[in-house]
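> Next come the chains, spelled out residue by residue.
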Amino acid sequence: MGTVVSIELADDRPDPELRELIDDVCTWLHEVDARFSTYKDDSEVSRLRRGELAFADFSPDMRHVLDACADLWRDTDGYFDAYVAGPLDPSGYVKGWSVEVASERLFAAGSRRHYINAGGDIRMRGTHPDGGPWRVGIRHPWEADKVSWVLAMTDGAVATSGTYERGDHVLDPRTGKPARGLRSVTVVGPDLALADAYATAALAMGEGGIAWLAKRAATGYDSAVVTDDGRAFSSTNLPASV
Amino acid sequence: MRRSTAAAVGTLTGAALIVGVRLSVTAPVVPVAAPPVVDLANSVPSAKPSATASKAAGSSKKKESASASASASASKKAPAGGFKDGVYKGKGAKNPYGTIQVQIRVEDGEVTAAEASYPTTGDSATINPPAIATLKQETLKAKTAKDVAAVSGATFTSKSYQESLQAALDSAKA
Chain F
-12 MGTVVSIELA
-2 DDRPDPELRE
8 LIDDVCTWLH
18 EVDARFSTYK
28 DDSEVSRLRR
38 GELAFADFSP
48 DMRHVLDACA
58 DLWRDTDGYF
68 DAYVAGPLDP
78 SGYVKGWSVE
88 VASERLFAAG
98 SRRHYINAGG
108 DIRMRGTHPD
118 GGPWRVGIRH
128 PWEADKVSWV
138 LAMTDGAVAT
148 SGTYERGDHV
158 LDPRTGKPAR
168 GLRSVTVVGP
178 DLALADAYAT
188 AALAMGEGGI
198 AWLAKRAATG
208 YDSAVVTDDG
218 RAFSSTNLPA
228 SV
Chain Z
-8 MRRSTAAAVG
2 TLTGAALIVG
12 VRLSVTAPVV
22 PVAAPPVVDL
32 ANSVPSAKPS
42 ATASKAAGSS
52 KKKESASASA
62 SASASKKAPA
72 GGFKDGVYKG
82 KGAKNPYGTI
92 QVQIRVEDGE
102 VTAAEASYPT
112 TGDSATINPP
122 AIATLKQETL
132 KAKTAKDVAA
142 VSGATFTSKS
152 YQESLQAALD
162 SAKA
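Protein chains in written order, with this note's numbering: chain F, -12 to 229; chain Z, -8 to 165.
Just so you know, the hints here were simulated from the structure itself, not pulled from any lab data.
Cβ coordinates follow ideal geometry from the N, Cα and C atoms, glycine included.
It cannot be assumed that every hint is accurate.
Listed next, with one range per pair, are the computed distances between beta-carbon atoms [unchecked claim]:
(1) Thr135(Z) x Asp44(F): 29 to 37 Å
(2) Gly73(Z) x Lys27(F): 50 to 58 Å
(3) Asp138(Z) x Thr223(F): 20 to 28 Å
(4) Lys164(F) x Lys164(Z): 47 to 55 Å
(5) His17(F) x Asp99(Z): 35 to 43 Å
(6) Gly207(F) x Lys127(Z): 15 to 23 Å
(7) Gly73(Z) x Pro177(F): 39 to 47 Å
(8) Glu129(Z) x Arg0(F): 36 to 44 Å
(9) Asp138(Z) x Lys27(F): 35 to 43 Å
(10) Gly73(Z) x Thr223(F): 55 to 63 Å
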């Protein structure tokens, strides 16, 4: 899939231990890739797509992902759709979920301060090495070297879906055509899997996504949005640093 | 707000009334004009059969739908599905977002449309503005990434990573 992952561990532990923690994260992410990559012919998802896998033989992770995709399809009014392009493709959920789990594993192994950035989706815990919050910039949707918002967070997730890197990769399930209206959607909340899926769904909704995202604020998911014509919107409680 | 006098009783099966709530007051920051207040009594009856599917917003799990005590504003022929035809309004129901009143249309004895609206009278003062979910519009800024530990952006490929802000931050730390 070619996603680059950046990991920073801020725990005060000996280097070899920190390296082991990072290795564990990489092992996990490779496992996810082997199971869910639609680019790998022998992945579980590819076998499933070809009808070679009986339901009883689905792995627990596969079942979890499929359940989550079904819930999200319902909660987003069909705009998060793992079948939008035809055959099953749960990547929109797997991306955020795999990092959410990676962070949980780090936590279980004793890491209390870290962030993981996988291709723009970030999960962070605890404080930055300097003792303050993790400061995360939201990439400006036109100027690659600038940020439009800076967030200050300790525990939480940030996911951004946008059209400025991979172009029209998000389809509007109602038309089957590339979604129009929003150039960048960032969702901030406790769970990266949901933040990622919400960002993708909102992008698929076009301008209607703005109102939909506003409702998510009540459940702890804040957002920052930029439209195709350069208007910016954000929720009241977005943890933006001044 | 106007209390509806309970008259007809009917239990409306759940999901049909958990509909997307539409604002009847246009909030200035919402870029899409809010739809006008819906009054089912004056609108054209919809094509059947869509008792449950037509307006379900899916995302709303709120149980604010008014209990079905409703005052009938019209009543026509004998019910086939068990309800009298007409447009019915429920009692206003308070929930964290404000006060909502639900109305339904019954045609041929079945529920064919449902809408929910906020009151637009002086009682709108009871609606706490932050409870109406909106995103506020602001100027799009372009700041340099000073003191930023990471950058969240649309998924970048390995190739574009190299040119990305995150890569610059990572190499600064290595």
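> Going back to the hint list, which numbers does this structure go against?
1, 4, 5 and 10
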